[in-house]
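Could you build the full structure based on these sequences and the hints that come with them?
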Amino acid sequence: MKYLPNSGKEFDEILKEIGVGSVDELFKVIPEELRLTKPLDLPEGKSEVEVLDILRNLSDKTAGVSKYSSFLGAGAYNHYVPTTVGSLISRAEFYTAYTPYQPEVSQGTLLAMFEYQTMMCHLTGMEIANASLYDGASATAEAVLMADRIQRKKNKIVMSEGIHPEYLETVKTYLWNLPIEIVTVPLQADGSTDMNALKNAADDSTAIIMAQSPNFFGVIENIEAIAGAAKEKKILFGQIITEVYSLGMLKAPGAFGVDIVVGEAQSMGNKLNYGGPYLGFIATTDDLKRQLPGRLIGMTKDNRDQRGFVITLSTREQHIRREKATSNICTNEALCATMAAIHMSTIGEAGVKEVAEHCHSKAVYAHQALEKTGKVKFPHSGPYFNEFVVDVGKNGKDIVEKLTEKKIIAGFPLIYYYPERENQILMAFTELNTKEQIDRLAAELGGAL
Amino acid sequence: MKYLPNSGKEFDEILKEIGVGSVDELFKVIPEELRLTKPLDLPEGKSEVEVLDILRNLSDKTAGVSKYSSFLGAGAYNHYVPTTVGSLISRAEFYTAYTPYQPEVSQGTLLAMFEYQTMMCHLTGMEIANASLYDGASATAEAVLMADRIQRKKNKIVMSEGIHPEYLETVKTYLWNLPIEIVTVPLQADGSTDMNALKNAADDSTAIIMAQSPNFFGVIENIEAIAGAAKEKKILFGQIITEVYSLGMLKAPGAFGVDIVVGEAQSMGNKLNYGGPYLGFIATTDDLKRQLPGRLIGMTKDNRDQRGFVITLSTREQHIRREKATSNICTNEALCATMAAIHMSTIGEAGVKEVAEHCHSKAVYAHQALEKTGKVKFPHSGPYFNEFVVDVGKNGKDIVEKLTEKKIIAGFPLIYYYPERENQILMAFTELNTKEQIDRLAAELGGAL
Amino acid sequence: MIKGMRGLSFKEDLIFEKSREGAKGYSLPKLDVPKADPAKTIDKKFLREGKIGLPEVSEVDVIRHFTKISLWNYAVDYGLYPLGSCTMKYNPKINEITSSLPGFADAHPYQPYSISQGALELMYNLEKALMEITGFSRVSLHPAAGAHGELVGMMLIRRYLEDQGNPRKKVLIPDSAHGTNPASAAICGYEAVELKSNSEGMLSLSDLEAALDKDVAALMLTNPNTLGVFEKNIKKICEMVHKVGGQVYMDGANMNALMGIMKPGKSGVDVLHLNLHKTFSTPHGGGGPGSGPVAVAKHLAPYIPKPVIEKNDKGEFYLDYNPEKSIGRVRSFNSNFAILVRAYTYILSCGSDGLKESTEHAVANANYIRKKLSKYYDLPYETSTLHEIIFSDKIQEKFGVTTKDIAKRLLDLGYHPPTIYFPLIVHGALMIEPTESESKQELDGFIEAMIQIAQEAEKEPEKCTEAPHNTVVGRLDEVTAARTPILKWEPEKE
Amino acid sequence: MIKGMRGLSFKEDLIFEKSREGAKGYSLPKLDVPKADPAKTIDKKFLREGKIGLPEVSEVDVIRHFTKISLWNYAVDYGLYPLGSCTMKYNPKINEITSSLPGFADAHPYQPYSISQGALELMYNLEKALMEITGFSRVSLHPAAGAHGELVGMMLIRRYLEDQGNPRKKVLIPDSAHGTNPASAAICGYEAVELKSNSEGMLSLSDLEAALDKDVAALMLTNPNTLGVFEKNIKKICEMVHKVGGQVYMDGANMNALMGIMKPGKSGVDVLHLNLHKTFSTPHGGGGPGSGPVAVAKHLAPYIPKPVIEKNDKGEFYLDYNPEKSIGRVRSFNSNFAILVRAYTYILSCGSDGLKESTEHAVANANYIRKKLSKYYDLPYETSTLHEIIFSDKIQEKFGVTTKDIAKRLLDLGYHPPTIYFPLIVHGALMIEPTESESKQELDGFIEAMIQIAQEAEKEPEKCTEAPHNTVVGRLDEVTAARTPILKWEPEKE
Ligand SMILES: Cc1ncc(COP(=O)(O)O)c(C=O)c1O
Ligand SMILES: Cc1ncc(COP(=O)(O)O)c(C=O)c1O
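Chains as they are written, first to last, in the numbering used here: chain A, 527 to 975; chain B, 527 to 975; chain C, 43 to 536; chain D, 43 to 536.
List of simulated lysine-lysine pairs, BS3-like, C-alpha gap at most 25 Å:
no., chain 1, residue 1, chain 2, residue 2
1, B, 879, C, 77
2, C, 398, C, 170
3, C, 82, B, 898
4, C, 278, B, 554
5, D, 308, A, 564
6, C, 211, B, 682
7, D, 278, D, 256
8, B, 898, B, 920
9, D, 414, C, 53
10, B, 759, C, 87
11, B, 777, C, 87
12, D, 436, D, 446
13, B, 757, C, 86
14, C, 398, B, 554
15, A, 528, B, 879
Far from chain A, some chain B residues (derived; all Cβ distances over 12 Å):
no., residue
16, 750
17, 757
18, 904
These are computed hints drawn from the structure, not numbers from a lab.
Think of the CB as a built atom: it goes at the ideal place given N, C-alpha and C, for glycine as much as any other residue.
See the structure below:
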C-alpha cells in the first residue's frame, strides 16, 4: 500500500510543470556515486490485509498482561484506563497535530496541556509543572542537570540507592560526560534510605539530593527528614515518583518543601505499551521556573480580549537558545500528557483517591496472604503503598518463569539489577488485581516453594 | 456506572427550582397503583472494568469468522474493510448525530448520504437510490409494496424461488395482511429461474416480478430475459442483490431495464455483526421516485447562494404523510450507508472491480479444487459469481459441524431452509479466502466424506 | 454561558469532484490463485464494461474528505441535543468498545451455534432484562427500529385477532401520535382512525368510548404521550379497549420517563415497542441504525417473529426456526445485533438503580426547563409533564418570529434546536427533551440562549428570521429541492 | 479552491471551571478485599488530607470538553501541514490499529521473554530494516525523539573518542542547523562552534578546513540541510573530518528526501538519527511522542545504549542487559515501543518500492511549489532543493507584511503555515515542506492561497497584519504571556 495521492498522470503534470524530464533529474544534486543503483533490500509493499496479518501474528506472540494475573510494577503499572481516554485520543485533531507553534489553530492541544500542567501541580503540590518530558528516567537526568545549572558552583549529586536502577543508570550515562560527581547512598534494613549516610554524603559541594518515594522497593521514604537535611545544607532536594497514584494517598511533596518533583506519570491513562511511550514529568517551585527543561504552556489574551493559550518562556528552549537552552528536548510526550489530562479528568478528585485506596488495600491483603503461606519473607519492614519485595528463598527468575506457565506473572525478579537479591521478587498491586488473583498467587507461589 | 452528570447537590437545586420537595413528586401524575414499589429485579450497576469483563467473556465465547477459514455467505459476506471505515465512522460527529432534520448543522451526514445515493446509482445503473432501508429482506418487502402502490389495480406478485429464503419469508409476512397474492416460480436444473414457469405465472394481474441475481444458490440469472418478459406484459421487474460486489463484474441491472433494484449492501464496508445492522438499499427509475420508500437527500442552495443538502421529497414520508406515506420507516441505517460511502470511496472504481475479480477467481479455483476431490457434486450448472452449491453426499449440517472443529466453516447447510437439499452446502468465496484456506477446505472436506 | 461563536471552517468538494483517474486508496494482496476469465463461464452480455462511476481517490483524500465534512454536523458529543421524542441521550463510550469486540463484530449470522454461544447468551439475557423493565412476558429483538417494532406489534395483534376469528378493520390513534403509528397500522392493512386529545393533552375517555366498536382491532397509544403527559387513565383505557375485544399497543418511545418507575406490561397494555436507540443509549448514527424490540403479553407471545432464541436442557442456546404460531420472518438473520450489544452494556452499567435514577434525572431536567422558560414561551398545555415539555411560538409569532426562526437562531448560539412542529396538534410546537445526560450548567446555557432569543424576537426579529448566521451554510431552500429534485451528483455541464 | 471560511464554533470553559463537587465520571468495582487503613502502617503525617484539586466532572462532561477543544486544533487529517523540517506527512490509519493490538498495548516491559517474542521480533526486524534503509551497521531504538537521538549519538562519539584516548572539546555545527544540534552537543559536554553556510546554502569546505583541528570531536551535519539543499560534498566533508580524527554526525530529520535514493551510511557518515515521527509516518500527537533511533557505523556499534536486542541460537529474542562497551542506559525500559510498531507497519506497507516512490513524490511536490511560488516570494538561495523549499518575506516586507503576518493570514484561508523564521540564516524564512502526502489539488489550493496573500500584502496589507480573522482566537499576546507567566489555572479571585 502506497500513501501517494497523486495519480501517475498528476505526477507527470507536476514533473512537467517543474520542467524536468524525469523524476531522476530531481536528484541530480546528489552525486552519482552516492545514488543507489538497486532497490532497497526490503520486501515489496504489502496490502493492508497482509500487514494486519503479520502484525496480529506478532501481537499474538506477545501476551498482554490482561490475559495474565500480573503483579508487575517496578515503574510501569497496569491501571484501569477509562474508555474516555481511548475514545478521545483517537480524535485526529489531537493525534495528527504538530507542536502548537501556531497557537491560533492549536488551542485544543494548548488547553489540554495547560490543564495537564495544572493537574500535575495539584497532585505534587508544586507551583509549576511542564508539559512533559520523555520518561521518568530521562526526566530524572534533566532534573539533575537543572540542579546543576541552579547550583552553578556545586558539582556533586547525591542519590539514594532506592531510586529505580534504570533511572540511576540513565543519570550516570547523562553525567558521564560532565564534570559532575555522583555519590550514592545505601538503604537501611527497613528498605528506606540510610539517613546518616545521606547526611554524611551531602555536603557544601552537593547540588541536589535525589530520592525516590515510594522507592524502587516500594518503601515510602521519610521525605520530611530528607527535605530537612537538604534545607539545612542549602542543597536542593528532588523527589522521584514512578507511581503517581501514590499521591492519591500520600501527602504532596510540595508540603514538605521538596524543590523538584520528577518521575513517570504512565499510571495516569497511559497503556503499558511494552515500555513506551510513557510520560516523564517534572514540577518545581515558581522561582526555579526559568531553569525548567521542556515546554511550558501559559495563559494570555488575544487581540480580541479573549483568553487563550501559548507556548511560553521559550527562551529556555533549544529553538531559541540553542546551546544555552535548559535542555535539548524538542518533541516531547504531548499526546501522553493529553491522555493523562483526560484520565485525571475522568477519574477526578474522588477517583484518584479511591484508586489509591484500592491499590493500598490490595497490597495489604496480598502481604497478609503471602505471609500466611509461611514460605516467603519480606526483606523490608518500611511502610509501603502498593508494592513490596518478597523473598521467595529460591531464584526469583526461576519462580517467576514457573508461575508464568500458570498464567501468573508474579513480579519483577530483582536479580536483573541486584545479584545480591537473587531470591527477591518485587510485586505490585493495583485496583485491577482481584482478590481471587491474589489468592491464586499466594496458593501457587506457596505450591512452587 | 451511572451516566448522570448532575451531582447530588445540583439535582437538589433543580428540584428546588422546580418547586418539588422530592423527586417522587414529579411522578405523582402516574397513578399510585402503577408505580413500582420495589426496584427492578436486575443486578446493581457495574463499573466499566466489570462490564468489559462480562462482555469480553461473551465475545470470547463467540468466534469471529476471522479466526476460522470461513466460506459462509448466503446473504452476508466477509469482505476486506479498509481501516479508513472504522477510523472515520468512530468520529462522534457521525455516530452521535440524529437524523438531519436541521440541515444547517447536518451537512456532514447529508453530504455523505448524497454521495452514497450517487454511488448506489452508479453501481446499479439506476437513476435514483434512497438513503437506506433496514436490510435486504425488509427492503425487498418495501419494493413489493412499492410496486403494489404503482400498479394499483394488480394484486399478484410473482417471485422466483431463487430468492433468499428469508427474504421470501419476510415478504410473505408483510403481505399476509394485505389483499395481495404471492406466486412463486421454481428453478430449473441449472439453478436459474424457470423462464417458462415464470412466463406462465406472470399475467395481467401481476404487479411485479421479483428475482434475485446472483440468486440464493449463487447462480446468475438471465436478467435480460426476465426483464424482457416483464416489459412485454407491462409488469414491473424488481431485481434483488445480496452480494453487491457482483456489480463489480456483472452488468448493471439498469442496463437491462430493471425497474427496481433492491437488496443488501452489507458487503460495502459493513461488518458481519452476527446479522446486523446491515444496509438495505433500493434504487429505481426517476419516474417512480415519488413512490420510493424511505429517506432521500437532495441538493439545493442556501440563502447565500452556496450549495447545500437537505432531506427532500419528504411528503412521501410518515412524519408528513402519516398513514398515506410510502412506508412507515423513520430511523433507517444511515451510519451503515455512511460506512458504505467511505468504503466505496476508499476501494473506489478500480477496487470494486478488482475485489470482484478476486472473488470470482477464488470461487472458480475452489470449484476446481473441490471437483478434484472427486467426492462432491455441483447440483447447478448455471454461471456463478462467488458462490455455489456443493452436494457432499452426506448431511450438510453434520459435515459443517465436523469441519468447524478443524477451524473451517464450510458454508451454509441448505437443510435449514430446504429439507430436500439435505446434503447440500452453500459456499461463498471472497478476496479474503486464501488459496491455502481453499486447499485446506478441499482436503478436509475430501477427508470427511 | 451561551456556546455558539464563529470560527475557522473548511470548504470541501464532493468526493466525486476530488476523483482523479488512476488515484487509489486501497491495495489488495496479490491474487494467489489463477485469475479467472469471467467470459469463460458467464455470457459476455452480462459482464460489465467501462466505468462504474465510483470515485478514484487516495486514502488521505478519503480521510480528509469525511473528516472535514463531519465537522459540519452537530453531535451529542458537542452538547445538548434536546430533540423531544428522539431522546438524544449521551452514548457511553464503553458501548462502542463492547459492540466492536471481535467475537461480535466478525461473527457470521449462520455460523454454527457451537461457536456462537456468547452472542446468543447476550440476546437471551437482553430479552430477559427488557421483560423485567417493561413487565411483559416475552420480547422479540428482531425489529430494526421503532417503526419496524410498531409494524411487528400490529402484525402480532392482527394474527392474534385472526386466530380469534376476525382481524378487524380499524386502529385508533390519538392525534398527538408519531407519524409512524398510522403508517404502521396502514401497512398492516388497517384503517387508521384519529382520536382527538382533550384540553389536558390526554386521550378523552368519552371520545374513545364513542370510537370503540367491534371493528376496532387496536388502540395505539404513546405513554407518556408526545406532549410529555402521562395517560393517567391507562388502565381504564385498556379495559375499555379490551371490552370490545381490541388490543392496546403502546408506543414505548418515551420509556425514558418510566424505566424503574412503572411497568407498561402491568397497566393492561398488550404490546409495546422499545427504541433501544433512545431509551438504551445506543447512538443514532445520523438516522440509524436503531433497534426496536417488541415486548408482548402472554397471549401474544406465541406469535413473535422467527427465529426465536431458546435454551436447551444442557444450557446451550439456539435459534428455533419454526415456532408454530409465529407471524414469520420480518427481516433477514437475527436482529440489529451490534445495537443490542450496546443496549445490553448500558443495562449492565446502569443496573437496576441506575436505570431508575436516569428516569428521575430525565424528568427533573425537563421540568427544570419548563419552569425556567415558561415565562418566555407559551405553554399550550398546563398539565404536568414528565420527560419532555412542549412550548409553542405563540408569543414570538406576534413579532413575526416563528418556531423555525427560533430553531435556526438556536444554531447560531451553539445549541441543537428541539423537535419542531411536532406534535402536530400544537401550532408551532417546540418539543424539548433534555434527557438525564445534561448537567445543570448545560441546561442553564440553553435556557439563557432561549431567553436571549425570546428577547431578540421582540427587539431585533431579523436576527432570528435571517438566522442562522454562524453555520457553514445558511437557510437552505427546501422548496426548490423538492420541486426539482437533484438526488445524485452529476458533473457540471459547461 | 481556497479552503478557509467561517462556521459555527463552540466556546468551552476549562475543565476545572466545569467541576462540581460530587460529580463523577468513573466507577470502580467494589473493593473485594478488606479496606486497609493506611494510618495503620504509614505515619499519619505522610498521608494526604483534604482536596487534591482535580476536577469533579461526569463522563459526558469529559467527552464534550475534549471533543470541543479538539476542534480548535488544525490537524494533518484536515489538510496540508507544510511545516518544513517537521515532515507532517499523512499518518495511515492502519498504524493506529496495529499499535493498539492487545499483545502490544498491554505488554509490560518486564514480562518474561517467553511471552514477549512478538514484540522483540518486531524490534529486531525494525532495526534490520532501518539498517538497510540508512546503510549503517547497527541501530538503537532507545531514543524517545530526534533530540534524544542526537544526544545519544554524541554520547557514542564521545565514548568512542575517549576509548581512542581523548574525548576532545568542540563540535562544529553549521549555522543552518536545528537548535537541538548545539543543545545536544552542549549537554554532552562539548562546546558548539558555528560554521557559516556559503552562498549556495552549503557548508563551505574552506571554512570547514579552517575550523578543523585536533579539538574537534565531531561535525553535526543535516543532509539535506535545513535549506533543503543536499550537501553534495558530503564524502569530501567526511574525509576531512576523519582526517583530523573527528566523527561525522548526521541529523537525519530530512531522510524523507533520501529514502531509497541514497544511504547516508555509505557516504562516510559515522552516526545518524532518524525521526520515526517524520520520515516513518508516526503521528506527532501535538508535540510527541516520537522516536529517534540512532544508526551507527561499525566502530560505534559496541557503544549503543543498553539493553540491546539479540537473537539466540534457538531463534529466541532477548535483551542483553550488559553489553560490555555500552554507554549505558539513556531511558527506562526499551523504547517508545508503540511508535516503533507504527513505523514498522509503515515500512511493511510501503515496501522497498513504496519508500522510494514516497521520496520521489515528496521531492517533486516541493519543487512544484518552488516553481509556482517563486514569482511571488523571494527565494534567498538559488540552489536546487530536494524535499523542502525556503522563501523569505523580502518582497512583502516592503509593504509592511512580515512572515508572521503571512502565516497568520494563511490560517484564515484554511491552511497551516509553513515553518517560520527557521532556518535562522534566512531573514523572515518561510520553510515549506509539503511531503508526498499531498495531492496536486491540495497543493494548488495552497499555492492559490499564497498568491492571494502576496497580492493582499501589496493591496490590502491590513488583511494580513491583522490576521487571523476566522479562527476562534485572534493573535495571541505572547509577550505578556512570557513576562507574567500564568502556568496553571487558578480560580478567579473576585
Ligand atoms: C413517539 C415515537 N414513536 C415511534 C418512533 C419511530 O421510531 P424509529 O425512528 O426508531 O423508527 C419515534 C421516533 O422518532 C417516536 O418518537
Ligand atoms: C532538523 C531537525 N533536527 C532535529 C530535530 C529534533 O527532533 P525531535 O523534535 O524529534 O526531538 C528536528 C525536529 O523538528 C529537526 O527538524
